[in-house]
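*Asks:* Here is what each chain is made of, one letter per residue.
Number of protein chains: 6
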Amino acid sequence: MSESERFDRGWELLEKIDGRPGERVMEGVGSLSPDLARYIIEFPYGDVWSRPGLDLKHRELATVSALIALGHCEPELKVHMGGMLRLGWTREEIIEVVIHMAVYAGFPAALNALTVAGEVFSDEDAGR
Amino acid sequence: MSESERFDRGWELLEKIDGRPGERVMEGVGSLSPDLARYIIEFPYGDVWSRPGLDLKHRELATVSALIALGHCEPELKVHMGGMLRLGWTREEIIEVVIHMAVYAGFPAALNALTVAGEVFSDEDAGR
Amino acid sequence: MSESERFDRGWELLEKIDGRPGERVMEGVGSLSPDLARYIIEFPYGDVWSRPGLDLKHRELATVSALIALGHCEPELKVHMGGMLRLGWTREEIIEVVIHMAVYAGFPAALNALTVAGEVFSDEDAGR
Amino acid sequence: MSESERFDRGWELLEKIDGRPGERVMEGVGSLSPDLARYIIEFPYGDVWSRPGLDLKHRELATVSALIALGHCEPELKVHMGGMLRLGWTREEIIEVVIHMAVYAGFPAALNALTVAGEVFSDEDAGR
Amino acid sequence: MSESERFDRGWELLEKIDGRPGERVMEGVGSLSPDLARYIIEFPYGDVWSRPGLDLKHRELATVSALIALGHCEPELKVHMGGMLRLGWTREEIIEVVIHMAVYAGFPAALNALTVAGEVFSDEDAGR
Amino acid sequence: MSESERFDRGWELLEKIDGRPGERVMEGVGSLSPDLARYIIEFPYGDVWSRPGLDLKHRELATVSALIALGHCEPELKVHMGGMLRLGWTREEIIEVVIHMAVYAGFPAALNALTVAGEVFSDEDAGR
Numbered sequence: 002m003s004e005s006e007r008f009d010r011g012w013e014l015l016e017k018i019d020g021r022p023g024e025r026v027m028e029g030v031g032s033l034s035p036d037l038a039r040y041i042i043e044f045p046y047g048d049v050w051s052r053p054g055l056d057l058k059h060r061e062l063a064t065v066s067a068l069i070a071l072g073h074c075e076p077e078l079k080v081h082m083g084g085m086l087r088l089g090w091t092r093e094e095i096i097e098v099v100i101h102m103a104v105y106a107g108f109p110a111a112l113n114a115l116t117v118a119g120e121v122f123s124d125e126d127a128g129r
Numbered sequence: 002m003s004e005s006e007r008f009d010r011g012w013e014l015l016e017k018i019d020g021r022p023g024e025r026v027m028e029g030v031g032s033l034s035p036d037l038a039r040y041i042i043e044f045p046y047g048d049v050w051s052r053p054g055l056d057l058k059h060r061e062l063a064t065v066s067a068l069i070a071l072g073h074c075e076p077e078l079k080v081h082m083g084g085m086l087r088l089g090w091t092r093e094e095i096i097e098v099v100i101h102m103a104v105y106a107g108f109p110a111a112l113n114a115l116t117v118a119g120e121v122f123s124d125e126d127a128g129r
Numbered sequence: 002m003s004e005s006e007r008f009d010r011g012w013e014l015l016e017k018i019d020g021r022p023g024e025r026v027m028e029g030v031g032s033l034s035p036d037l038a039r040y041i042i043e044f045p046y047g048d049v050w051s052r053p054g055l056d057l058k059h060r061e062l063a064t065v066s067a068l069i070a071l072g073h074c075e076p077e078l079k080v081h082m083g084g085m086l087r088l089g090w091t092r093e094e095i096i097e098v099v100i101h102m103a104v105y106a107g108f109p110a111a112l113n114a115l116t117v118a119g120e121v122f123s124d125e126d127a128g129r
Numbered sequence: 002m003s004e005s006e007r008f009d010r011g012w013e014l015l016e017k018i019d020g021r022p023g024e025r026v027m028e029g030v031g032s033l034s035p036d037l038a039r040y041i042i043e044f045p046y047g048d049v050w051s052r053p054g055l056d057l058k059h060r061e062l063a064t065v066s067a068l069i070a071l072g073h074c075e076p077e078l079k080v081h082m083g084g085m086l087r088l089g090w091t092r093e094e095i096i097e098v099v100i101h102m103a104v105y106a107g108f109p110a111a112l113n114a115l116t117v118a119g120e121v122f123s124d125e126d127a128g129r
Numbered sequence: 002m003s004e005s006e007r008f009d010r011g012w013e014l015l016e017k018i019d020g021r022p023g024e025r026v027m028e029g030v031g032s033l034s035p036d037l038a039r040y041i042i043e044f045p046y047g048d049v050w051s052r053p054g055l056d057l058k059h060r061e062l063a064t065v066s067a068l069i070a071l072g073h074c075e076p077e078l079k080v081h082m083g084g085m086l087r088l089g090w091t092r093e094e095i096i097e098v099v100i101h102m103a104v105y106a107g108f109p110a111a112l113n114a115l116t117v118a119g120e121v122f123s124d125e126d127a128g129r
Numbered sequence: 002m003s004e005s006e007r008f009d010r011g012w013e014l015l016e017k018i019d020g021r022p023g024e025r026v027m028e029g030v031g032s033l034s035p036d037l038a039r040y041i042i043e044f045p046y047g048d049v050w051s052r053p054g055l056d057l058k059h060r061e062l063a064t065v066s067a068l069i070a071l072g073h074c075e076p077e078l079k080v081h082m083g084g085m086l087r088l089g090w091t092r093e094e095i096i097e098v099v100i101h102m103a104v105y106a107g108f109p110a111a112l113n114a115l116t117v118a119g120e121v122f123s124d125e126d127a128g129r
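Chains as they are written, first to last, in this note's numbering: chain A, 2 to 129; chain B, 2 to 129; chain C, 2 to 129; chain D, 2 to 129; chain E, 2 to 129; chain F, 2 to 129.
Because the hints were derived from the structure by calculation, they are not lab data. Fair warning: there could be bad hints in the mix.
Which copy? The list can't say, so a pair holds if one copy fits it or any two copies do.
Said to hold, decoys possible - Quick list of in silico lysine to any residue cross-link-like pairs, SDA-like style, CA-CA up to 20 Å:
(1) Lys-79 with Glu-16
(2) Lys-79 with Ser-123
(3) Lys-58 with Glu-16
(4) Lys-58 with Gly-89
Put together the whole structure using the sequences plus the hints.
*Replies:* Laid out in structure tokens, this is it:
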């Protein structure tokens, strides 16, 4: 597979998963490091997200769970909670993931994630 | 809902999700702190895992993703990768989650999780 | 013990420990997830903080130490540094905990915690 | 204050807090890096633990809480749980700290800490 | 070596490495805890950064790599990315470190670090 | 650039940096997930380590610093401390990095890394 095929496949997935907020992140990344922007499209999206063994909806659940547990990834968590909505999860299911994480990552990590969820829902209500 | 109902519901779920390895963990916990053992059954299992908003299979995917990202939870990761198998995920899907985590938690966390997955698969092959 | 007894005991403790800032956090949590708000009152406060084996003052010292070490919990750290003041620790003792954490969690985590302590002291001076 | 005064004061505290297990750690450190061994005695013990603003017993509670929350510090946690015993905390109080940490650092971190506590208690029973 | 020699040597290094932004941090620290400010100058700078075994340029590379990996240290990362520039690393090399960290700490940690790098470069362009 | 060129370039670098211990890790990874093994060669080594903007020696310093700070990566730290030796750093310089990390990641993380360094040096002495 050529690099341009990986890139095209990755970009298509990034748009589908992360929507306009993801594109905005990529514009910011690209202005500082076009190479890092390209790697993000090629490796996480072109190579990993595109793998057939787990569908996009489940990958986004895994992603959001990991970002809540890592604890220092609020901008990325915001994009990927939006991704959960775009991929068909409901607001109620996002809240369930947040509650579930209180068990494994502790209540403070869950509370911080709940704040991010509230911002994602407000942005959606405002059509942002 | 009474405390004994929470406990009974939690214990039933713990057995279903974590199987014999989970029971062994709980015996160890109970010998040092019966109260912590009781809380684990009541809150994570009786309250959270039993919530209807997200099914057990998806909760276990979220759990394993978080444990890989946290990085210092290998005993718990082993129990919950076994839980993925018990709840109907395949070995291939567990490996997909590990690969996916390389993007978000870094390759070292993914490599450590792969080692744990190998142990879980060997234990299953050996009928442990 | 019934669930409502756990809730009442938890709410009483939360008010005593976290004061008005804690109530504000709980209002925010409750507007997004009434269930998570209820769990916070029932499990961390109703079950754990209310245990007789370690008094509230020592539990708050343990809490603040853990939040500094976790590093990604500034909103919660602010509430619980306020809790230290409400439970009888002095500003000097809070600063001692911050200095002590430089040894275990590194100087950057201690510096970030010192910034939070400064905000807590300013809020108290301003009667917030 | 001269460096040798810091060192002497630090060494005396290290022996009092960490006992024979702490000395064994320091022998290992010293064989690989005498300078790091000296810094540990001078800065954490000579400078920080010796400060008057918080007594040794409370400093050890803060230390153990932070080590449980950091999650990747089991050898150090073992030494400092032993320190809690040497400084007058009971086994029951150590277990309380472990339970309390489930709220803030998550249940997996608490379970791992409980395992360490079990080892510390066994070592004490065996006179190690 | 006397304490005042450690302090003087530390302060000189802090000014050389962290420049005016580092001084501003130290003013903030000093207003809340003169002792912590003194320790920062004496131990990290006076004792560690001044050691001959690794030069300042390499120490700053190690520092920035660690701060990116820790993930919750953005104010400190900003000061030390500035330190990389002051010590002779180029903007391109800072970006290389950020990209390299995507492998070890995950892409979210790298993206957050890239945002900080952008702020450092803007501040330098604006003569701040 | 074709995928096979990325792979070949990556494998050559992996052998140069990580030597026989790295090959052993890759054999273990490959037996569980040939795809993850391939990605490790293609992305971290083929894409990132091969970039011209920072030489191998500096990349390994950055890697080891990050692994010490992450704290839960001892197997990877062992391979990459070996990598530091293979790329021309001395044992003394490795110890310097460990000492330096005490400032940023805390003394427990530095102590754990020192233990790993001791194992790496013993392995080298034993010709492993």
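*Asks:* Against this structure, judge whether each hint is valid.
*Replies:* Hints and how they fare:
1. Lys-79 with Glu-16: within (15 Å within a copy, 31 Å between copies)
2. Lys-79 with Ser-123: Intra 11 Å, inter 25 Å, cutoff 20 Å: intra-copy only.
3. Lys-58 with Glu-16: within (14 Å within a copy, 27 Å between copies)
4. Lys-58 with Gly-89: both (7 Å within a copy, 17 Å between copies)
The structure meets every hint from the earlier list without exception.
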